[in-house]
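Chains as they are written, first to last, in this note's numbering: chain A, 6 to 122; chain B, 2 to 806.
Take the hints with a grain of salt, since some may be wrong.
Stated by the list, open to error - Cross-link-like lysine-lysine pairs, in silico, BS3-like; alpha carbons within 25 angstroms at most:
(1) Lys79(A) <-> Lys767(B)
(2) Lys571(B) <-> Lys239(B)
(3) Lys216(B) <-> Lys408(B)
(4) Lys70(B) <-> Lys734(B)
(5) Lys439(B) <-> Lys449(B)
(6) Lys141(B) <-> Lys79(A)
(7) Lys6(B) <-> Lys9(A)
(8) Lys79(A) <-> Lys239(B)
(9) Lys9(A) <-> Lys552(B)
(10) Lys6(B) <-> Lys8(A)
(11) Lys46(A) <-> Lys449(B)
(12) Lys671(B) <-> Lys622(B)
(13) Lys689(B) <-> Lys751(B)
(14) Lys121(A) <-> Lys6(B)
(15) Lys8(A) <-> Lys679(B)
(16) Lys679(B) <-> Lys767(B)
(17) Lys449(B) <-> Lys285(B)
(18) Lys24(B) <-> Lys79(A)
(19) Lys408(B) <-> Lys46(A)
(20) Lys679(B) <-> Lys121(A)
Unchecked claim - Label-pair restraints from in silico Cβ distances:
(21) Phe718(B) <-> Ser64(A): 50 to 58 angstroms
(22) Glu25(A) <-> Ala687(B): 26 to 34 angstroms
(23) Lys62(B) <-> Asp74(A): 33 to 41 angstroms
(24) Lys387(B) <-> Leu27(A): 41 to 49 angstroms
(25) Val58(B) <-> Ser64(A): 35 to 43 angstroms
Unchecked claim - Here are some, though not all, of the chain B residues that point toward chain A, as calculated from beta-carbon distances under 7 angstroms:
(26) Leu5
(27) Leu13
(28) Leu21
(29) Lys24
(30) Pro37
(31) His39
(32) Trp42
(33) Pro529
Rather than coming from a laboratory, the hints here were simulated on the basis of the structure.
C-beta atoms are modelled at their ideal positions from N, C-alpha and C, and glycine is treated no differently.
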Amino acid sequence: MRKKLLNFIITLVLAAVFSELLPWWGVMLAAFLSGLFIPLKRMAVFMVPFLAIALFWISYAYSISSANDFIMAKKIAVLFPLEGNVNLLLLITGIVGGLAAGIAGVFGNQCAVLVKK
Amino acid sequence: MKFLKFVLSLLLALGIYYGLNTKFGSIPPLGKFLDPAHGIWQNDKSESGETDGLELVGLEKPVTVHYDKHLIPHVFAENDHDLYFAQGYITARHRLWQMEFQTHAAAGRISELIGEVAINFDRGQRRKGMVFGAENALKKMQEDPETRQFIEAYRDGANQYIAQLDPSDYPVEYKLLDYSPEPWTTKKTALLLMYMTDMLAGGDSDLEYTNFLKKYGKERFDLLYPDFFDTIDPVIPKERDWSDWEVLAHDIPKGELPLDSISETMEKPDPDNGSNNWAVAPEKSYSGNTILANDPHLGLKLPSIWYAMQLATPEKNTFGVSLPGALGIIIGFNNDISWGVTNATRDVKDWYKIEFENEDRNAYRYDGQLKKTTKRIEEIKVRDGKTVFDTVVYTHHGPVSYDSDFKGNSQKIGYAMQWTGHIGGNNQRTFLELNKAKDYDGYMGALKHHVAPAQNFVFASATGDIALWIQGMFPNKWEGQGKFLMDGSNPDHDWNGFIPQEHNAHIKNPERGFVSSANQHPVDESYPYYVFNDGYETYRNRVINDFFKSKEKFDIQDFKDLHNNNYNLKAAELLPHMIENMDVSALSTEESEMLEDLKNWDFNNDIEKIGPSIWEAWWNKLVPLTWDELKVEDLALANPFQYQTVHLLKNNPDDTFMDLLDTPEKETAKDLFLLSFKQAVQDLQAWKIKNGDIDWGDYKATFVGHLLQALPAFSRFDLPIGGNSGIVNATKKDHGPSWRMIVEMSSPPKAFGVYPGGQSGNPGSKYYDDFIDIWAAGNYLELDFMQSKDQAQNVLFTQELNPKP
Numbered sequence: 006m007r008k009k010l011l012n013f014i015i016t017l018v019l020a021a022v023f024s025e026l027l028p029w030w031g032v033m034l035a036a037f038l039s040g041l042f043i044p045l046k047r048m049a050v051f052m053v054p055f056l057a058i059a060l061f062w063i064s065y066a067y068s069i070s071s072a073n074d075f076i077m078a079k080k081i082a083v084l085f086p087l088e089g090n091v092n093l094l095l096l097i098t099g100i101v102g103g104l105a106a107g108i109a110g111v112f113g114n115q116c117a118v119l120v121k122k
Numbered sequence: 002m003k004f005l006k007f008v009l010s011l012l013l014a015l016g017i018y019y020g021l022n023t024k025f026g027s028i029p030p031l032g033k034f035l036d037p038a039h040g041i042w043q044n045d046k047s048e049s050g051e052t053d054g055l056e057l058v059g060l061e062k063p064v065t066v067h068y069d070k071h072l073i074p075h076v077f078a079e080n081d082h083d084l085y086f087a088q089g090y091i092t093a094r095h096r097l098w099q100m101e102f103q104t105h106a107a108a109g110r111i112s113e114l115i116g117e118v119a120i121n122f123d124r125g126q127r128r129k130g131m132v133f134g135a136e137n138a139l140k141k142m143q144e145d146p147e148t149r150q151f152i153e154a155y156r157d158g159a160n161q162y163i164a165q166l167d168p169s170d171y172p173v174e175y176k177l178l179d180y181s182p183e184p185w186t187t188k189k190t191a192l193l194l195m196y197m198t199d200m201l202a203g204g205d206s207d208l209e210y211t212n213f214l215k216k217y218g219k220e221r222f223d224l225l226y227p228d229f230f231d232t233i234d235p236v237i238p239k240e241r242d243w244s245d246w247e248v249l250a251h252d253i254p255k256g257e258l259p260l261d262s263i264s265e266t267m268e269k270p271d272p273d274n275g276s277n278n279w280a281v282a283p284e285k286s287y288s289g290n291t292i293l294a295n296d297p298h299l300g301l302k303l304p305s306i307w308y309a310m311q312l313a314t315p316e317k318n319t320f321g322v323s324l325p326g327a328l329g330i331i332i333g334f335n336n337d338i339s340w341g342v343t344n345a346t347r348d349v350k351d352w353y354k355i356e357f358e359n360e361d362r363n364a365y366r367y368d369g370q371l372k373k374t375t376k377r378i379e380e381i382k383v384r385d386g387k388t389v390f391d392t393v394v395y396t397h398h399g400p401v402s403y404d405s406d407f408k409g410n411s412q413k414i415g416y417a418m419q420w421t422g423h424i425g426g427n428n429q430r431t432f433l434e435l436n437k438a439k440d441y442d443g444y445m446g447a448l449k450h451h452v453a454p455a456q457n458f459v460f461a462s463a464t465g466d467i468a469l470w471i472q473g474m475f476p477n478k479w480e481g482q483g484k485f486l487m488d489g490s491n492p493d494h495d496w497n498g499f500i501p502q503e504h505n506a507h508i509k510n511p512e513r514g515f516v517s518s519a520n521q522h523p524v525d526e527s528y529p530y531y532v533f534n535d536g537y538e539t540y541r542n543r544v545i546n547d548f549f550k551s552k553e554k555f556d557i558q559d560f561k562d563l564h565n566n567n568y569n570l571k572a573a574e575l576l577p578h579m580i581e582n583m584d585v586s587a588l589s590t591e592e593s594e595m596l597e598d599l600k601n602w603d604f605n606n607d608i609e610k611i612g613p614s615i616w617e618a619w620w621n622k623l624v625p626l627t628w629d630e631l632k633v634e635d636l637a638l639a640n641p642f643q644y645q646t647v648h649l650l651k652n653n654p655d656d657t658f659m660d661l662l663d664t665p666e667k668e669t670a671k672d673l674f675l676l677s678f679k680q681a682v683q684d685l686q687a688w689k690i691k692n693g694d695i696d697w698g699d700y701k702a703t704f705v706g707h708l709l710q711a712l713p714a715f716s717r718f719d720l721p722i723g724g725n726s727g728i729v730n731a732t733k734k735d736h737g738p739s740w741r742m743i744v745e746m747s748s749p750p751k752a753f754g755v756y757p758g759g760q761s762g763n764p765g766s767k768y769y770d771d772f773i774d775i776w777a778a779g780n781y782l783e784l785d786f787m788q789s790k791d792q793a794q795n796v797l798f799t800q801e802l803n804p805k806p
């Protein structure tokens, strides 16, 4: 459990740092690195970075958008089309970020396994 | 096993990266797009003042920009260079994507952004010679050291903004289409001016008229498309006497016009691209100050074609609307003068039949000899596709737009365009000079540089002058020249000089105490140069002029009322005749009820009425039935003007054109009234079932569409606004008053203005569309004309632009 929490926190911290410096795939790098150095088991390999980044992206997006009455979010939720449902857009944002991070985490884990022999 | 898992997870990681970093069809790259740190969430913000104290390379002195509560920037610079630098910077800051997109459209570069669906559009732009015209205009602008300095300052300002952009700051449209802004250039300013020229002076029907002439002969042509209507109320009042001018007139040359059949022509600009403007003299003004108004009618788009600004230096102070990409104020006022424009709608685009020597098209017949062509190879880059190369042949007339490669069919015959839009002029200078003009002479001097699109420039000064000049370069034509396709090998068919600028029709301080224009005939038949009907408006102008003849004094409220006037003169002139002459015994109960509703209508296209919906539905069915002869496959033909259609329906009801080709019976206008009414009622009933009430506002359903294919997410729909095409409030479904301005030349001037959009180009900003409801309700913003930078009140925030040391 401690490892999961540690991986979760490190992924979050790295993602926050990388998001200032790197394009969107910074979250993949963050998950990859935590997967590499803090190995997890079974489903957690994917789920921990998935949840970390989904949470990060959703709360980040929410904090920007809520300060502006969700004007753009509502429009993008029409564009996609989600009938203007901002919650759905937030959810999709979380899933997209989480998916990328989860897979990167799995890859990081496999690298660790390979290196360990 | 370990290795296999490694490879699998590697492939999966690469796959997800690729999948979320790539655009698929119209789906943006989802990872990039939804990333809250760089994607669209970053565009979820409204402008505020957190960027105070910007340092910019190229500024000479500090510039202060106050944004008022409508986000209108009030720019105070120490000199003109800095003023236009700041204009470029600020415009890019609020309208970058639009600036680039419109100039890409002008240059025929849309395929670069959206792929092969735009290839035909892009080829059309190239074949119209849009880039050729822009290059000629740029040359003229660069020859003038002052203009050159200013367009370069504007460029540098815009580029300062672009250079400091992080991808996370890109306007949302870049993120949606997944591309990046490129640097602004002076050529783009020329392209933007060409974009306007094409919109306003890009229409003509010469080839359609040629087809008609060939099929039906001259007598029929003159009946359907007369040079002048039985009544006209021209821009320059009929009282104007031209007899003291010495005029060089050209004789009609001998020789035949080529009577070819042309199957297909390029898409034309909206024929309702037009405007109203007017000004009253002191004796007709409630306060003794001149008052001026203008409302240009263009496609209703977001971001709006206009961007409101105040531009001030110690020498001048100007307020009004600018065109993102062009310098200065285009329609506006300063402390001494105000001005506005409507389209002059003159025939400045003609077509010549070119016979090439052979299929290589290196030479064509001209004056009994062979004349060399030049070729321009147009490279059209296509997103996710192969680059298209299109060779456009140029003659001394201009580009051969139609040939075997484009809508034509013979390798040896082509149709060349001659257009004042290609001449190239320093139109930019006209506006820079108007911005600082102090009186009538300043205004007149400014106009001299204006080549195309020809405009009716209305003018009012604080000292009590009003005037109207129809300015542009107009070829001095022999009677009938350029109405039809001409013979490109005959030198007598060439344009032979231009109407001298001082002979462009104009009027200053007319006795009637007002000037006005609404795209109607510029002059009557007494004007000593040849002018023919190129689609002149016939309704708005009479309503406007009748209004100003109706009483002694006018105030600002009168001006507002006139902008919002919904009186449908066309309906008033035709509808009673239709009702009287229709066989009502053949109507069903449902149809009779609708007819009763229509009889009770007062001819005002107001939103809550159903009369206008029934009338417009009826008219829209009647016109195609009347001109069913002109809807033929493989032959381009144009419907006669509305005024003449009404005239013929009333006065020539038995004309053979009234007959329907599809039926064995011989129909007359009377039959068409009944038939079209029944069709209209059927349509309206169907509409009702689907959408509810047929109140005019709901039925017309005006919308303002985003520039990118009217993306619904970024557009506004179902706006409650009346009017229609041909009405002073010329708001139709997707087109109408794109800026309404009223200025009283008091000291300082009192001004009101509004446009259907907002100052910000960012759909995520509350300033993106905040004027739309004000506009639809017929209201205005009070324009805060700051007399100095220290006197600013009600400021939202202030930006200081400082030179970077």
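Hint check:
1. Lys79(A) <-> Lys767(B): holds (12 angstroms)
2. Lys571(B) <-> Lys239(B): holds (22 angstroms)
3. Lys216(B) <-> Lys408(B): At roughly 20 angstroms apart (the allowed maximum being 25 angstroms), Lys408(B) and Lys216(B) satisfy the hint.
4. Lys70(B) <-> Lys734(B): violated (30 angstroms)
5. Lys439(B) <-> Lys449(B): Cα-Cα ~16 angstroms, so holds.
6. Lys141(B) <-> Lys79(A): violated (47 angstroms)
7. Lys6(B) <-> Lys9(A): holds (21 angstroms)
8. Lys79(A) <-> Lys239(B): Given that 25 angstroms is the threshold and the Cα spacing comes to 56 angstroms, the pair is violated.
9. Lys9(A) <-> Lys552(B): violated (84 angstroms)
10. Lys6(B) <-> Lys8(A): Answer holds: Lys6(B) to Lys8(A) is near 22 angstroms, not above 25 angstroms.
11. Lys46(A) <-> Lys449(B): violated (80 angstroms)
12. Lys671(B) <-> Lys622(B): holds (14 angstroms)
13. Lys689(B) <-> Lys751(B): violated (45 angstroms)
14. Lys121(A) <-> Lys6(B): The given pair, whose Cα atoms are some 14 angstroms apart, holds under the 25 angstroms limit.
15. Lys8(A) <-> Lys679(B): violated (78 angstroms)
16. Lys679(B) <-> Lys767(B): violated (46 angstroms)
17. Lys449(B) <-> Lys285(B): At roughly 29 angstroms apart (the allowed maximum being 25 angstroms), Lys285(B) and Lys449(B) break the hint.
18. Lys24(B) <-> Lys79(A): Distance ~22 angstroms between Lys24(B) and Lys79(A) Cα, so the pair holds.
19. Lys408(B) <-> Lys46(A): violated (66 angstroms)
20. Lys679(B) <-> Lys121(A): Cα-Cα ~84 angstroms, so violated.
21. Phe718(B) <-> Ser64(A): 50 to 58 angstroms: The hinted range 50 to 58 angstroms is violated for Phe718(B) and Ser64(A), with Cβ atoms some 33 angstroms apart.
22. Glu25(A) <-> Ala687(B): 26 to 34 angstroms: violated (57 angstroms)
23. Lys62(B) <-> Asp74(A): 33 to 41 angstroms: holds (38 angstroms)
24. Lys387(B) <-> Leu27(A): 41 to 49 angstroms: Violated, at about 34 angstroms.
25. Val58(B) <-> Ser64(A): 35 to 43 angstroms: holds (38 angstroms)
26. Leu5: violated (10 angstroms)
27. Leu13: holds (5 angstroms)
28. Leu21: holds (6 angstroms)
29. Lys24: violated (14 angstroms)
30. Pro37: holds (4 angstroms)
31. His39: For His39(B), the interface hint holds, since the closest Cβ of chain A sits about 6 angstroms away, which is under 7 angstroms.
32. Trp42: holds (4 angstroms)
33. Pro529: Because about 56 angstroms separates Pro529(B) from the closest Cβ in chain A, which is outside the 7 angstroms limit, the hint is violated.
The structure is inconsistent with the numbered hints 4, 6, 8, 9, 11, 13, 15, 16, 17, 19, 20, 21, 22, 24, 26, 29 and 33, although it conforms to all the rest.
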